[in-house]
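Chemist: Protein chains in written order, with our numbering: chain A, 1 to 497; chain B, 1001 to 1337.
Since the hints were made in silico from the structure, they are not lab data.
A quick note: this is a predicted structure, and the numbers were derived from the prediction, not measured.
Worth double-checking, as some hints may not be accurate.
[Said to hold, decoys possible] Listed below are the simulated EDC-like cross-link pairs for lysine to aspartate or glutamate, each with C-alpha atoms no more than 20 Å apart in a straight line:
id	chain 1	residue 1	chain 2	residue 2
1	B	1008	A	138
2	B	1004	B	1320
3	B	1325	A	394
4	A	29	A	227
5	B	1326	A	138
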Amino acid sequence: MSENIIKITGVKKYFGGVKALDGVDLVIKKGEVHCLAGENGCGKSTIINVISGFYTPDAGTIEIDGKEYSKLTTQQALDAGVQVIYQDLSVFPNLTVRENLALNMEVASGRKFVSKRRFHDIALQALSKIEFKVDLDEMVENLTVADKQLIAISRALLNNARLIIMDEPTTAITHKEVENLFKVIRDLQNQGIAVLFVSHKLDEVFEIAEHFTIFRSGKNVFSGKTEELDEQKFTYYMTGRDIREESFRYVAKPGAKTVLEVKDLSLANGFANCSFSLKEGEILGITGLLGSGRTELAEAIFGYHKAETGEILIDGKNVVIRSVKDGIANGIGYVPPERNVQGLFMDQSIADNISVTGWEEHSNALGFANEKSITELVDHWVQELSIKVNDTKDNMRTLSGGNAQKCVLAKWLSLDLKVLILNGPTVGVDIGAKYDIYRLTKKLAENGLAVIIISDDVREILANCNRVMVMKQGRLVAEHKTSELDEASLSALAIKY
Amino acid sequence: MNYKRLVKRTEFYVAMIIIAFCILVQVRSGQFFTGNNIVDLLRSMTIPTMFCVGEMMVLISGGVDCSFPAIASLSMYFVCTKMDGMFANPLPYFLVAMLLGMCMGAVNGFIVAKFKFPPMIVTLGTSSLFLGIMQGILGSSEYPLTKALHKLGSGKLLTAVNPKSGLTSDLPIHFAFMIILIVLAWLLLNKTMLGRAIYAVGGDEVAAKRAGFHVFGTRMFIFCLSGALAGFIGVCRSSMMLTVSPNNMIGMEMDVIAACVLGGVSLVGGRGSIVGAVLGTALMTIVSNSLILLGVSTQWSRVFTGIIIIGGTAVSAIQEQRRKKKLFVAVSAQPEV
């Protein structure tokens, strides 16, 4: 018996020439809540796959509960009580809760026939582990992400789990649901189950984790108790840079007009009575929890949803925005949070992605595209935004997150915009590209574009916006100049509401 | 199942539409609920329903099979011509046709499951291949039906007579095959872990793999099953028609897939039920067969079939869009400052 549930020493994993893990250590004590943090591509998911036996490391040792495994298989990992809750949760949307809870176990025991009673008993047993109440006959697709997560957790607990790995469990759930998840995690801890919590949301990990391991580029850069860290150090370890951004000072140009004015805008189950205005050259931040209506508000201004009551004024004129086409015609651009799904055609060329919103302008009366002017347009933006590409004819998938995001921006900038709404502009974007995007946004604002940034990231808001509004339960509840705030006070505001 | 869930289901709406349409035809013609009309409908439903049950299982697993009419035609043509008069019992004909069909299905399954090629293209390709073999190598043409199958096809479960017109209709033995097939398919899908695997693979392949389901095996199984069923149904069809006509099943795949979709089977996998597939086929059969009772010329039947398909799929597509665009923000009743 060992006091550690898992001990990983000097693990290396290469993919071709890429060192995904370059000799990392990770020690998790029994019953401990451990946080693994790091930027995208630092090796977090690789180590999860090593622990679950999915990848065989090229060097190093893995010890589970004091027993060393030279070649850990997925079955051995499961038998040793390692359970992974993947980010996609691996639930079956088309099956009932009961089936989702019971299927894995029934498959593992090699059953050939379905017995509703046995399914029922297993499901109840699973739910009892975390005192989770849900209708067993409901289809899983009709549940919230948080409930799906609890299903994945209770399902994992059936197999006498001793270490539960949660891969970014809080990305898609609301603040209240995060609290509930933390309660579940603490409860697991009391049962002696260790939890490896993979996340880089500062406030959350500081609240729940007792111990930290931070990776950067496949190497350990920090391992220690939570008390030894503060936010400053945490950021430094994650990025390897001491980043102090000058905040954005908005200087109203003489005669700067109000570009966008929203009056008493409401949409059922979206938001209610939202009013604000935005001047030329301003960068306005909107923060608030997931599910606070901030995305819905942005999408209504852009025309994806149709607001039910209220007015939108552009340049002082009342406009009717019923569809995305209306939004674009009124000079509103929107960069959605899931750019791969909503903002880009991943299987089309980079050039087509950048030029798509401008095709109408670059075609002749018969609708044929003017190839030459489109090429010029694409080349211009690739250069202007320093997008790293080999060939603009390459498939969109060849680009990294940061460069892909720049393409989304280029797509909008090639239109004559008045208002640009960025929703979570740097989620999944590496740090270098992140600051390129910040610089670009500020430059655009200086040239007179009005920008709205919707973000969870307090630091991002403070570094880029001159004003910030907080949304809660579909309403705008606070508005401040960022010069009056610091990270602590804005965090407090966001959490308070 | 409670009432609320029932009315949310596509199957419920299809059933309502069928009932409404039947009543409409009855009111207009007074001829719908007559014994011979009902038997006629059941008779014309028999073959499409069986195909539909097979196709539905492929669709649920996340695949699609466009080659079943070709498989059915080739297996049927092979056993009816090469084994003509060899057996007095119809059973060997069915068994050999099923075996042939299973082998052809295995070709589909292997290509789809192993190389992950899109099943629609694969099965369109093999469909062409199988038809080519039938027409080129076997030199297909009309052929008299072998004795054993002819005897089976001449049998009947019951005969209905219309008291007014004196018209009679026979319910073929194959209707009983259809019922048995429906029951077996229901048991497979709902009462075996293999059936759950079919739903799981269609719902989320990665999750299915992580849960320990055998994804490759499940896909292979489903295409082999579809092939074997096609062989069986092919022989059923020729014995029902009392002749071997190799080309008259070609083109049925689209109507069958459409009937599945009408009945709530998803084209991207994971969703669908036997009841839905049967109701979908019933709706299409009833509409195209009853137009004459409404005084509409039969030449218009394809037009109405088209309208039903587009209308039916539009309803479920719109439902899906609404579901996606639905907002979930809990807006507070009072502004708080």
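Chemist: Tell me the numbers of any earlier hints that the structure contravenes, in ascending order.
Modeler: Number 3 - this is the single hint that the structure violates.
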